[in-house]
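Engineer: One-letter residues, chain by chain:
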Amino acid sequence: MTRFRMSSSFDPVSGLLALQRELERVFDKPFGIDLGPSGRGVFPPVNVFADKDGYVMKLETPGVPPGDVHIEAEGRTLTVSGKREVAPPPGGSFHRRERGSGQFSRSFQLPADLDLSRADAAYKYGVLTIRVPKKEEAKPRQISVKAS
Amino acid sequence: MTNQELKIPEKREALDETTRAGRTYVPQVDIYETREGLWLWADMPGVDESSLNVHLDNGVLTIEGQVDLKDYQDVTPLYTEYYVGNYVRRFTLSNDVDSDRIVARMQNGVLSLEIPKAERAKPRRIAITQ
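From first to last, the protein sequence lines stand for chains W and V.
Under this note's numbering, the letters of the first sequence match residues 1 to 148, in that order.
Under this note's numbering, the letters of the second sequence match residues 1001 to 1130, in that order.
Just so you know, the hints here were simulated from the structure itself, not pulled from any lab data.
Take these hints with a grain of salt, some might be off.
As the list claims (entries may be wrong) - List time: in silico PhoX-like cross-link candidates among lysine-lysine, alpha-carbon distance up to 20 Å:
1) LYS124/W - LYS1070/V
2) LYS52/W - LYS134/W
3) LYS1007/V - LYS52/W
4) LYS139/W - LYS52/W
5) LYS135/W - LYS52/W
6) LYS124/W - LYS83/W
7) LYS1007/V - LYS83/W
Claimed, not checked - Chain V is faced by these chain W residues, among others (derived, beta-carbon under 7 Å):
8) GLY15
9) LEU16
10) THR79
11) ARG96
Unchecked claim - Simulated DEER-style distance windows between Cβ atoms:
12) ALA138/W - LEU1093/V: 49 to 57 Å
13) ASP1096/V - SER117/W: 53 to 61 Å
14) SER1050/V - PRO90/W: 15 to 23 Å
15) PRO1009/V - PRO65/W: 20 to 28 Å
16) ALA1118/V - PRO90/W: 35 to 43 Å
17) ASP1048/V - SER148/W: 52 to 60 Å
18) LEU1015/V - ARG118/W: 28 to 36 Å
19) SER1094/V - ARG21/W: 35 to 43 Å
20) PRO88/W - LEU1015/V: 25 to 33 Å
21) LYS1007/V - ASP53/W: 29 to 37 Å
22) PRO90/W - ARG1105/V: 31 to 39 Å
Small disclaimer: the values here were computed from a predicted structure and weren't measured.
Ideal placement from N, C-alpha and C gives every residue a C-beta, glycine not left out.
Chain W on its own, in the form it takes in the complex:
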């Protein structure tokens, strides 16, 4: 599996292109992760990545203040829920209405080698990032060879 790599002296333009190609390659093909009766159109959409420590899940939740997001872990199931409100000033009317509002809830069944008790979440620019590390025993380790 190729790995998307960016160094500090990296050109952001070709970086975007490389990322887009990688995303396209795995588009909508679950890999060891059960997303339930999901698929397209469900809010919030999720991209799942692996890094050296475990899984990185990125959910696009624009317009949802971090205080309105609830993340719950139970066993191997991670549930993200919340609500998105569209609250225009009173006394007007919509010309276009493309952004949905309402409540959402999505559950993810994660592989058993991940440690949900050490998961953490961050919210930046409307993107929720949840990092779930691997259990210690699931991490690769060096095995030294003893000279006989």
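Fit chain V to the supplied structure of chain W, relying on the hints for placement.
Structural biologist: Frame of chain W; chain V shown alone:
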């Protein structure tokens, strides 16, 4: 309204020819009008204030934003439901807006624009003289 299940359409690719490599997407917008002006909200997740560009030229309002790629170092995608790309969308505005007083804000990945109407374009009551 609050109990409906929230759905989101797949991102639509912007068809403009650009000189930049990579794909650009069309942000979803709400446009709302009050007596005082127009409001526009655009979903642009991944874009921070400093990489946002909003300009009005000859009545054409352009909103553009570049996504932040810093978080994508040394990761391998396993499963993807949405594309990541920059955003662009253009709207033609009437001449009745006060372009000097447009206010743009970016919060939680949503751009909001407040576009006041020019004084002459505001609805007014016309007195009837006897």
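Engineer: Could you work out which earlier hints the structure fails to respect and list their numbers in ascending sequence?
Structural biologist: When the structure is compared with the hints, numbers 3, 10, 14, 16, 18 and 22 turn out to be violated.
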